[in-house]
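Visitor: Using the sequences and the hints, build the whole thing.
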Amino acid sequence: MVARRSLCILALLLSVLTTAGGAASVTGGLEFANTITVDSQGTFSNLFLPAATLTLASPTQGNVRGEIRIQVPPTVKSTDWDGFISRAYLRARLPHGRLTLGKSPLSWGDGFFFNAAGIVGRRFEAYRSMAGSDSFWLASLYLPIGVFDFVEVVALPSLTGSDVGVASRLYLSLGALKAEAGYAYQESRHTPYVSLQGHLGATWWLSTSADVTKEVEELRLSAGLFHSFFLMAGGTISVRGEAMAIPIGKEGGLLLAIEGGYAPDQSQRLSLSSTYVTRTEALVIGTGFTLIPLEALTLQATVSATFAMWSFEQAGLSLSSSWVF
Amino acid sequence: MSRKTLFIITLLLFFSCASLWAITAEEIIAAVDANTSFASSHSSGAIITVDRFGEKKSTFEAWSKGDNTSLIEFTSLAERGQKILRTGSSLYLYYPEADQLIRLQGAALRQSVLGSDLSYEDMTRESSTLASYDATLEGEDVIDGIQCWIVKLVAKSRSSAYPIQTLWVDQERFVVRKGLYATAAGRALKEMEVIALMEVGGVAMAKESRIADLLKRGSSTTMRIESIEIDIPLPDALFSLENLSW
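Those sequence lines, one after another, are chains A and B.
Numbered according to this note's numbering, the first sequence spans residues 145 to 469.
Numbered according to this note's numbering, the second sequence spans residues 60 to 305.
It is possible that some hints are incorrect.
When the alpha-carbon atoms are kept at most 20 angstroms apart in a straight line, the in silico EDC-like pairs for lysine to aspartate or glutamate are as follows [said to hold, decoys possible]:
(1) 275(B) / 439(A)
(2) 215(B) / 193(B)
(3) 358(A) / 331(A)
(4) 211(B) / 181(B)
(5) 266(B) / 181(B)
(6) 116(B) / 439(A)
The hints are simulated quantities; they were obtained by calculation from the structure and are not laboratory data.
On a predicted model such as this, the values are computed, not experimentally measured, just so you know.
Guide: Okay, here's the thing in structure tokens:
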């Protein structure tokens, strides 16, 4: 299995290089994050996480393109190649669509904190955030059915060797409304979903999905609102509110998140956020400051406090930087 | 001779008979719009933003078709592969990091493009100015030694991003040399000045212009066109979600 995947990656790497015609772009990235936490017993701990990425991508013009991204250390604790590969795909335009083969990001539905429509790969993570969209080994067929509408069909190789997953979605732009409807079959589970996004004073989105075997195992509903206010004195205030309800399921309950941000300009942003999970009565309050002092350099500092059952559990300070070169 | 050149020459001939007829604000704005409208174009350039932390440069490649359809792809390191598709009043963003399509609507259109003094809303303004604004001629002025008309535009709709615009229009080339964009109450929001002109298809257009968001202290953006081709064949498929997320 490892040898086969290594061979695939090697073939993709060669394809990226050959489709690039010698004009492949090479991009490096460096990230450093240090988190200091103290728990309710007064015990301190420190975690330092450096990361480096190297991306090789062919130009976006043409009918064939590819991209390979290597990450060190690996994204998941893994001994095989998979954890080191953030993405490795080849994309080709066909007469009536396009084909993507390899490891590629996949982002379905909407939601920054919670996304009931993020049905692909849900078996590994209960709540997939929009910002943290992952890459998956897949074969994907994209079929446009209009300028703003398309159908996407995805085959997902099984990581457990039990079966192959399949997923598809229909993406429609209906005036000011964006509608998605899709279905996934993974590890003997059927997961249909519907997602809507529009604008009515504020940008809103609403999604629902269900895991079905012989009966409905889990039903999820997520919703969100986002709005920006532009201050005459300068700067922008943005407000985001999201909720996820799981009325049916082992980990049922309500999850709430709110985030407010103030950006005096595009180089600085101060944010305040809070998430609350009714099932565990876990409340997290955090504040963060982001600074972009130079092109491609981002510095971030966050302070957070976690409470469980309304008792203090943990506080943390995290400092991070990322640089693209 | 292109139809646009013919139109400009006709206008110039018409305006040269100034002793018989005085030019109107509507005629000035119609000539400015004709100067900035192409059947299609392909350009590359840079957006250079200066703020308190220094200078940030983003490079781009852009394609346009008609008055309301355009695609911009950023080619600079920090935002390589990010794209903006505008067709009619719809505006979509594509972030390659997450393979994510985002449709911008409402207040989100007022967000800044890559931290610059340009907003997404600036990119969705109708090129037929007279369809959205009433124009009046306010007088004349000299900008950098160039004789200009001062034209005041008042928006017909309350939803306009800039309810009042004051434009200084070059009397020889019918190109805007300076613009002041304000609220309905007259508070200035943005200022634009053209730094350099270039000749494209027989008409003058801005090669380099500086835009300042007056609500941001110490910030300005220079937009520079490095190269441009006009009236070239471009496939409709270029301006689709498929190409946006390619």
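Visitor: Each of the hints needs a verdict: does it hold here or not?
Guide: We went through each hint and held it up to the structure:
For the proposed pair residue 275(B) and residue 439(A), the alpha carbon gap of about 19 angstroms is at most 20 angstroms, so the pair holds. Between residue 215(B) and residue 193(B) the CA atoms are separated by roughly 7 angstroms; this keeps the pair inside 20 angstroms, and the hint holds. With a C-alpha separation of about 13 angstroms, the suggested pairing of residue 358(A) with residue 331(A) holds against the 20 angstroms cut-off. For the suggested pair residue 211(B) and residue 181(B), the alpha carbons sit about 18 angstroms apart, so the restraint of at most 20 angstroms is met.
For the given pair, residue 266(B) sits about 18 angstroms from residue 181(B) by alpha-carbon distance, which is consistent with the 20 angstroms threshold. Pair hint residue 116(B) plus residue 439(A) holds up; C-alpha atoms about 8 angstroms apart against a cutoff of 20 angstroms.
Hint check: no violations occur; every hint is consistent with the structure.
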